[in-house]
Every structure is written in structure tokens, then in C-alpha cells.
Amino acid sequence: MFKRKTLTIATALMIVASLILGACAPKPAATEAPAASDAKIGFAIEHFSVIEGTTWSGAQDRAGKRLQAKYPNVEYMYRENVAPDQSVPFAEEMIADGAKIVVGNAEFMGMPLKEIAAKYPDVYFVSIVASDLSTERNFIRYFPRQYQALYLEGLVAGALTQTGNIGVVSAFPNVQVLRRTAGFVMGVQDAAKLLNKEINIYVKYAGDWYLPQEERDIATTLVDQYKVDVLTQQTDSGSTLDVATEKGVWYIGKDMDTVGEYGWSNTDTVALSFDTRWEVGYNIMLEQYMAGNQNPTTILYPGMETTMTLADGTVVPTVDLMNNGKTGLDAISPKALPLIPQEILDLVKQRRDQMMNGEWDPFTDHEIVSNGTGLDLEGLPVPAAGTVVKEAGKEATVEFLLAQFNFDLQGTTILK
Amino acid sequence: MWEFWIRSLNASTIFAIAGLGEVVGQRAGVMNVGVEGAMLFGATIGFIVAKTTGSYLLGFLAGIAIGALIGLLHAFFTITLHGDQVVNGMGIWILGFGLTTYIGSPYAGPLGMGRIPTIGGLSPFFFAALVLTFVIWFVLFKTHWGLKIRSVGENPTVAEVSGINVVRTRYWSVIFSGAMMGLAGAVYALDYNPVWSYNLLMGWGFIALALVFFSMWNPYILLSGAVLFGALWQVSLNPESFLPNIFSRYIWRTFPFVITIIILVIMSTHWFSSRWGAAKPEALGLPYEKD
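Protein sequence lines, in the order shown, are assigned to chains S and D. All letters in the first sequence, in the order written, are residues 12 to 427 by the working numbering. All letters in the second sequence, in the order written, are residues 15 to 305 by the working numbering.
Just to be clear, a hint being listed does not mean it is correct.
[Unchecked claim] Simulated restraints on C-beta separations:
(1) G135(D) / A403(S): 45 to 51 Å
(2) N84(S) / P131(D): 55 to 61 Å
(3) F271(D) / R148(S): 45 to 51 Å
[Claimed, not checked] So, partial list: chain D residues that the calculated Cβ filter (under 8 Å) puts toward chain S:
(4) E17
(5) S119
(6) R129
(7) P131
(8) G135
(9) Y212
(10) L214
(11) N252
(12) R263
[Said to hold, decoys possible] For lysine-lysine, the following DSSO-like pairs were computed, each having C-alpha atoms within a straight-line distance of at most 30 Å:
(13) K346(S) / K208(S)
(14) K65(D) / K258(S)
(15) K65(D) / K346(S)
Derived by calculation from the structure, the hints in this document are not laboratory data. Fair warning: this is a prediction, and the values are worked out from it, not measured in the lab. We put the CB at the ideal spot given by N, CA and C, even for glycine.
Build out the structure end to end from the sequences listed, making use of the hints.
Structural data, given as C-alpha cells:
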């Protein structure tokens, strides 16, 4: 009898204690006040692929680490190989662990995050843009203006080709690929004009981002049959780079400095590459979150003019030429440098400086003319060949560049 | 055109080596549908060993060794534990996909070693595949070992009564089979496309598996099928260069599998078995338990 009475009293005390403690506990995340600048902030990235040895997720992972190093109160957390049906459960797991910004690093698995944006009003959700531009108050869309660096690469590629043939191993026609390729093509065409050269640009699609065998075969075909002596790619495997090494032709890299970061090749093959600093855009989001901003910028499309200062004091723009750890003109391979006429080097420097200062943009400066090839979008067919889609000097809008750029530039040869 | 055939033959080399291994296993009555998984192991371990040691020889040996180990694993589950061969093979494939992604990721990227010299553009492994085809045919059909292997694949009970150790014969056949798959994977990763990335084979193991059924378990037919499948693969990459405006590449890519299905349907007809005899090993896929 005594034992039962004691047990009842103990249980009652425990319930009361739990209620008191519960009342003292922090409120759920959904109603939490905006974070103070010194509160712990979880910065979460859901990577669609593995991280190690990849240029896309690898650069995003580096961004997370750099932000963690810069801000003592920021904790970088991540999940790898996230499929679309996993993005929401993983996001909720990381939110429970303190994530305040959750990024899906590809559109196909980032978009499901939009569905839970209202459920977690004090969390910023982010999806990388492929062609969709839909947003919510706390659902942000982000992409860096990589085409600016690709334009500079195109200038160098145009100067380097001796055969007058440049090859692009590409994934499949979509807005992101078409826009990026157009940036490169524009650079090649400017170099051709300046040097009075005739240059053919061949693009062949593998069918997806990652098809190592197809990419190898396409690269080989471009070199053997189309006499291409400069290769670049809009795909994800290392096959194109390997073919360039094997065949002794120049390779122009993309997304990340794979010579410096991964040691995949050397500057005898890689004439130039560029590096994407995803952390610059993420830093803007973090600053807005720390400031307690409930209405963050929902479309972020920063270019070379937007920079951030890393923990070690280095100032990095969103994208920049980078090869073997060197940036700007120094990124050009020492073996390639003597082959590039001075007027091209001067132009690369001038355009890079102008873009760093936000004074110039290739898509605003140039007339944009359709090749008649590309991708029909809903309600937006590919413009007929020769159509002037945008006049020279007129600003290319964010919506046009991110969601409507559905054609190849005039002068591009799309191989079937 | 010569370049087309060079690339076709180099691709067919990998199908042939893996397929020859699977033929030996299936002739002994054990099917391994996890060819892709065993090849992924061979490709990844071979690549890692070659990259870290700088030795092609060690890379190929490591590929063969890990393939043999996967074969041993398959043999243990299907012969000793009498597990379902298809289910276990699927397990090997899934294990291969997951584990090689995990262990190979730090080594992603080009191999970075000088290319293995070719002979007139052809990989030396193409000639090795020719020799292996003859050797395996000779062993299977002209030697006492081959008779043992075929016996345990046709009727293990009768083979046992005749004094053949069914379990041992099947074990060695499946281990050899795995070693060949590992070699095929290593040839892919060190010679054909020496760049490591996750799931780098993208289904080539399944083409090799289809090839075995296509071949009616005959090494010579398998070799010619490998050349055919290699050519079809190349056509699927560049259909417009060879046969423009007929099919898209995606349709061409299904051809090896479509042809295999047609062959299997023909083989299952009464007309075929009465005229040509049963090509399929009778005890294929069936676990053996000693009475």
C-alpha cells in the first residue's frame, strides 16, 4: 500500500515537473523569432549526387565549409545523393537539428522543398534554377552567372584553335545548358572577329548529364571526324578531359578548377577553367537571415560583380577564371599563353575587369540571334533561324536568361 | 568506318570477357545476374590499385581477385546455402553499385597514367578475348574438366553418381566466372574509359548477361554476339552517322535486349529443341542438394 502511494506521488510530481520544464522549453521552430546574429544557424545543403570527386556538389560542399569557417555560429550540415522523394524528409530531419537555411542543389530535387515552405515560415528554402523560376516568400531560387566566365573562356578557346574547330560535349538541350553554351559561343565568335578567323563550333548531345561512355565517344568523334582541337563540355563525367589528354588537344574546363582542386589533369591539357563560388549567393541569404529578414530576396542571380570575403580575408567573386589555383589571366595555362595573341589577352582582361565592376555583360552588350535550334518550351517555341531575339545594348532580363533562353546562338552547329 | 569498327571491337572486348565468364558459370548450372555488380567491383578496385601504385599489372590483378572473391560469395550463398541464384545475383549488383560508389568516390576523375598501347587501334585485350574464347571453348568441349562442368550443369545428380564432386566443380566455375567479370570491369576502367565515376559501367554488365543467352552458351557464338552488340552500341551513340533518320539512339540501344528476347523465344519452341537440341543447361538456376 505504501509503495503504491509513493509511486502515485512520484508520478504526479514527475508530470508537474515535466509541465513546468515544457513551459520553459524553446518554442517550436515554426513560431520562432528571427535568429539573432550570434545564435547558432544550421546551413543545410542537400546534394543530388555524391560530393567527393564531383564538380557541382564538390563546389557546393566547399561553399558550405567556407561559410562555416567564416561564421562561428553557422554549422554546415548536408545529405548526399538526395533523390526528389527524399528532399523533404531529409530537410525536416535537418530542420529538427537546427537548420535555418535548406538548399536543394539541383532543381529536380530542390523544388519539392517549396511544398514545406509554408510549414516552416522561419526557415529559408532554396532551389537551384534549371528553367523554373517560381518562388515563395521563403523559397529562394539561385543560380550564378557562370556564362560570364564562359564568355571569357570562349575568347581564349577561339584564340587557341588552329584547325578552326571547337567541340562541345553537351548533356541535352535545356535552358541552363543553352545559356551557358551561348556565353562560350559568344566569346569564341568575338575572338574569331577580332582575329579574323573562321571558327566552327560543334555541339553534340550525349542525352544526359552523366553518361561516361557516350561522352567519351562524342569527344573522340569530335576530334577524329570534325578535327576539333579545343574541347569543352556541358556534362559531368571526366571522359571529355581524358580524351583531350589522350588526343593532345586543348581542354577548357567548367564549374570548378579540377586541376587545382582534384589534380585530374595539368595545364598542358587544361588551357583554362573557371570556378563557381556558390558561397557568395549563400552568404547573401545568411546575411539576410541573420538580419531577421522575413522577406529575403527570392531570385538571386549574382555575377562577377558580387563578392564575399572568406574567413582568411580572400575576396572572391561569384565566378572567376581559375586554373591550377590561379585566377584571372594567370589562370591561362603557361603552355597556352604564348599561343594567344595580345589583343585577346587584353580583351579578356578588359572584359573581366568590366564584369567585376558590373559595367559590362556579354548578353546585354551583344545582339542575340537564334540559330533555329534549341528546345521548345510550353508557349515558347524555338525562335526561327536568324531571329534577333534581343537587340544589342538592351538589357537581358533575369527572367529571359533563367527561364526563356531556349535556343542556340546563330553560328553553332548542332550535330545529330 | 575503320574507326567505327575499332571502337565497336574495343567495346565488344568487355562484353566478351564478362560474357565468357558467365558462360562458364551457367554451364555449371549457376547463374549470376549480378554481372554488373562484379564488374563494378573489378573496375573500381582495379582503378584504385592502379592509381595508387602506378602499376597496370597490379590493377588488373586486383580486379581479377575482387571478381573471384565476389564469385566465391555468390557460390557460398547459392551452392552451400542453396539461396536463390537470381535474388543473390541482384544482391551482388546492388551491393556493387552502393559499395563501389562509397569506396571509389575519393578516386573520381581520370586515371592519369599513360594509355595502354594499342595494336592498330585495337586494345590488346581484344586479342586476349580471342584467345580466351578459344581456350574456354576448348576446355568446355574438349577436355575432361569441361565435361565435368557441363555435367554438373545438365544433371548434377547423375554427375555425382558418376564420381564428380558437384559442389567443388560448381564452386570453381563460379569463382572463375567472377574473376572474368572482375577482369572485364578492370579492362573497362583501366583501358577502355580510364576515368572513374560512380556507376561507371551504366549497364554494360547487363548487356554481357544478355549476350550469354544470345550465345546459346557457346563461346564462339558469344564472341560474334559481342561484336554485334559492340557495333549496335556504337550505332546507338551515333545513329545519324551510320543509318540516318531510321531510329533514335534510344531505340538502337534496346536492340541487344530485343535480339536476346527473340533468341530466347525461338529457343523455347518445340521446333528448335527437336531440331537443335536443348541449348540451355538443364540444371541452370537450380540448387543442388546431395541425396
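Q. Which hint numbers does the structure go against, in order from smallest to largest?
A. The structure breaks hints 7, 8; every other hint is satisfied.
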